[in-house]
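Visitor: Make the full structure from the sequences, and use the hints.
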Amino acid sequence: MVYLVYYPMFNVVDPDRNTTQGVFATYPHAKVPNATAFLTEVFGTALLLGGIFAIGDQLNKPASPYSSPGAVALLVVAIGMAFGMNSGYAINPARDFGPRLFTLCAGWGSKVFTLNHNYFWIPIVAPLIGGAIGGGVYVGLIEAHHPRQD
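Here the numbering used here is used: position 56 in the sequence shown is 56, and no number is missing along the way.
If you're looking for bench data, these hints aren't it; they were derived computationally from the structure.
A couple of the hints might just be wrong.
As the list claims (entries may be wrong) - Derived EDC-like pairs: lysine to aspartate or glutamate, alpha-carbon spacing no greater than 20 Å straight-line: (1) 61 x 143; (2) 111 x 14; (3) 111 x 16.
As the list claims (entries may be wrong) - Label-pair distances were calculated between CB atoms; the ranges are: (4) 78 x 146: 24 to 30 Å; (5) 71 x 1: 25 to 31 Å; (6) 144 x 15: 55 to 61 Å.
Ideal Cβ positions, reconstructed from N, Cα and C, are used throughout, including at glycine.
Guide: Shown next as structure tokens:
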């Protein structure tokens, strides 16, 4: 849908498809090294998963179950505002890889995988590591200390 809406402007602004791929997938700022982008994605995803575990924890005095989606949405917005400048905060491999494949097929070419020193793998691998860390930290530091119900 976004492609169809912006298609006429893509032809005006970027007819050779050199710069507008960032509309679809995440790309780091040109001055941000891949190591920094990797750590940003790991940390952002760890916060996301830790927050989701906290929001969904029934022993954590949750609010109404109807408020959980809104709380997760606010969490994603907060992570984006805090960490979006470095790498665009993919924090989910599906958020980046699918659109990147689309741009490959829609005319941007293979550079969508080679830009920024082959950055493409970072939004795939870093969230997997960050999710495991965030979930593990929550389970280890919070959930492990919940009262046992026998």
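Visitor: Hints numbered earlier in the text: which of these fail when held up against the supplied structure?
Guide: The structure breaks none of the hints.
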